[in-house]
Amino acid sequence: MESQKQKTLQSKIKVSGVALLPFTLALTIFLWYLIVWVGDLQPFILPTPHLVWERFVRALADGSLWQHFLYTLWEVLAGLVLGSLVATATGYLLAKSRPLERLLSPYIVASQSVPVVAIAPLLVIWFGPGMFSKVLTCALIVFFPILINTVVGIRSVPEDLYGLMRSLQANRSQVFWLLEMPAALPVLLGGLRIGATLAVIGAVVGEFVGSDRGLGFLINVGRGQYDIALVFVAVFTLVFMALVLYGVVVFLERWLLSWQRRDEDSKKLGV
Amino acid sequence: MKYRWILVSLLTIVLLLAACASGEQPQNTPTGGDADVLEPELTPVHLPLGYIPNVQFAPLYVAVAKGYFAEAGFDVTFDYRAETDGVALVGQGELPFSVASGEQVLLARAQGVPVVYVLAWFHDFPVGIAAKTDSGIETPQDLVGKKIGLPGLFGASYIGLRAFLSANGLSESDVVIDSIGYNQVEALSADQEDAVVVYVTNEPIQLEALGYPVVVFPVGDSMQLTANGLISSETMIAENPDAVRAFVQAFLHGIADTIADPEEAYQISYDFVENLDQADKDIQMQVLEKSIELWTADVPGYSEPQAWENMLQVLMEMELLTKPLPVEEAFTNQFVE
Chain U
279 MESQKQKTLQ
289 SKIKVSGVAL
299 LPFTLALTIF
309 LWYLIVWVGD
319 LQPFILPTPH
329 LVWERFVRAL
339 ADGSLWQHFL
349 YTLWEVLAGL
359 VLGSLVATAT
369 GYLLAKSRPL
379 ERLLSPYIVA
389 SQSVPVVAIA
399 PLLVIWFGPG
409 MFSKVLTCAL
419 IVFFPILINT
429 VVGIRSVPED
439 LYGLMRSLQA
449 NRSQVFWLLE
459 MPAALPVLLG
469 GLRIGATLAV
479 IGAVVGEFVG
489 SDRGLGFLIN
499 VGRGQYDIAL
509 VFVAVFTLVF
519 MALVLYGVVV
529 FLERWLLSWQ
539 RRDEDSKKLG
549 V
Chain H
387 MKYRWILVSL
397 LTIVLLLAAC
407 ASGEQPQNTP
417 TGGDADVLEP
427 ELTPVHLPLG
437 YIPNVQFAPL
447 YVAVAKGYFA
457 EAGFDVTFDY
467 RAETDGVALV
477 GQGELPFSVA
487 SGEQVLLARA
497 QGVPVVYVLA
507 WFHDFPVGIA
517 AKTDSGIETP
527 QDLVGKKIGL
537 PGLFGASYIG
547 LRAFLSANGL
557 SESDVVIDSI
567 GYNQVEALSA
577 DQEDAVVVYV
587 TNEPIQLEAL
597 GYPVVVFPVG
607 DSMQLTANGL
617 ISSETMIAEN
627 PDAVRAFVQA
637 FLHGIADTIA
647 DPEEAYQISY
657 DFVENLDQAD
667 KDIQMQVLEK
677 SIELWTADVP
687 GYSEPQAWEN
697 MLQVLMEMEL
707 LTKPLPVEEA
717 FTNQFVE
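The listed protein sequences derive, respectively, from chains U and H.
Here the first sequence is numbered in this note's numbering, starting from 279 and rising by one per residue.
Here the second sequence is numbered in this note's numbering, starting from 387 and rising by one per residue.
Accuracy of the hints is not assured; some may be wrong.
[Stated by the list, open to error] Cβ-Cβ distance ranges computed for the label pairs, FRET-style:
1. U:P384 <-> H:N661: 26 to 36 Å
2. U:W315 <-> H:T621: 15 to 25 Å
3. U:R336 <-> H:E695: 23 to 33 Å
Since the hints were derived computationally from the structure, they do not count as laboratory data.
All of these numbers come straight from a predicted model, not from anything done at the bench.
Each residue gets a CB set at the ideal place from its N, CA and C atoms; glycine is no exception.
Could you put the whole structure together from the sequences, leaning on the hints where they help?
What follows is the structure in structure tokens.
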């Protein structure tokens with residue numbers, strides 16, 4: 279009975295949240311117009327929402343927005359995959375070996391205090407001005423959160439389950455695939471969720487430093503030509519990209535962890 | 387109850403924003419508005435320079451240190467924000483002056499930014515194409531098929547390159563252009579690029595100092611283009627022409643003194659450029675002397691109308707401007723004559 283009440287309350291909150299979305303959007307647009315009007319701001323300082331919309335339609339119609347969007351998306355996806363693979367492998371090794379963790383952790387933590395914006399120009403010098411230097415910038419930015427989550431995820435596997443696997447005479451590969459991977463997956467995917475949004479920032483930083491394509495380049499072009507509406511178009515497109523990537527990871531999380539929810543439901547039903 | 391609080395909070399935010407916006411009045415006049423009540427001696431002016439503190443800004447440092455701006459009624463402080471930000475703020479009326487390049491004035495005016503170029507500081511476009519002397523590149527035609535690195539496909543470097551190629555009968559498809567960020571020195575010295583687009587007052591001197599002699603093709607030798615100068619707004623010029631004239635004349639005074647005595651200008655720059663006393667003086671003096679070459683003119687501060695026409699043509703060819711602008715509205719020589 280109590281659980282039913284809770285469910286009804288949760289669904290009510292969910293519905294009111296969805297209903298509030300158009301309201302908050304309308305309020306944001308209203309405030310935006312108000313700021314432009316009260317401040318008497320010219321379009322080269324802050325364009326109105328409808329100017330941004332017009333610019334968006336124009337950039338979409340001439341194909342330039344789509345072309346730059348795709349370029350940045352490739353960089354982000356490649357960087358995310360590369361960063362995630364290296365971070366997961368390194369994280370696993372650190373989680374399994376305390377001496378290795380003690381040896382490498384200070385360097386890994388210290389490396390996080392180096393701003394990516396300072397490293398990005400060096401990557402362009404070392405690896406050339408092409409896409410690879412931007413992919414590396416993305417990979418560097420997603421590396422740390424995924425690494426930390428991998429270590430936490432692997433370490434969170436209960437010791438008695440290892441004992442159970444040993445008693446079943448499971449080999450190393452079986453322990454990894456049947457125990458460690460499923461147990462660490464929720465935390466690992468949490469890291470990927472953060473990484474997906476950070477990768478977008480990485481790509482833009484790389485493109486700011488030196489690129490002739492991508493949404494970061496489009497921002498530079500917009501600023502250089504006093505076309506601030508174009509800057510907003512590029513920024514909103516980046517936000518859209520980050521949200522879609524985040525959504526994909528959330529979807530992936532739900533799909534991969536559906537067994538966990540089934541388990542929880544079974545426990546609640548006392549099965 | 388909770389919703390009432392949200393409503394009150396939103397209302398407070400709106401009111402605060404309105405108060406902030408109406409509180410910031412443009413500072414267009416040296417003695418305007420409240421000035422009569424407060425009677426300040428000097429009008430504070432933040433002058434955006436568009437680059438980091440550098441010995442190339444010596445004329446402005448000299449004008450401050452020797453009191454030329456103070457005599458003209460201004461208390462000048464420098465602001466090293468991006469060039470485009472300075473242009474936009476002048477256009478909005480938030481700042482009275484900024485340092486900007488000629489192409490920025492045309493690009494800004496095309497977007498409705500009412501800025502006007504009032505003093506030509508550099509009389510030659512400061513961009514050039516540099517290659518190692520042992521690269522075999524001896525003429526502009528030798529660049530065909532070569533890799534040319536530049537910060538990006540925007541700004542003065544890109545415009546300078548396009549003007550240079552066009553003036554020498556070449557097009558962008560004759561060369562390979564790489565966007566390498568501000569890494570020209572590293573890219574050329576490491577042979578990642580066959581040539582790089584540089585500021586003739588800066589990177590070639592650094593490359594020579596590192597032991598890489600270079601051949602430089604200044605864009606100004608191929609085509610006369612309007613370069614860096616002082617801008618103001620149409621409103622400021624219409625309402626306070628005397629203030630604009632006073633500021634321009636103080637700036638010109640600083641340029642003249644720097645050309646007359648570079649050593650003194652260099653010493654003055656110590657107070658404005660962090661760590662200049664630690665820098666290699668030979669290199670920094672070369673930067674200053676090379677800059678002086680570009681500032682020297684028969685009539686200091688005078689804008690050549692042909693340089694504006696040329697710049698307009700280049701921007702049209704590059705499709706950065708889609709329709710012609712009346713260039714005569716983009717600059718004025720009334721304050722330097």
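So which of those numbered hints doesn't the model satisfy?
-> none
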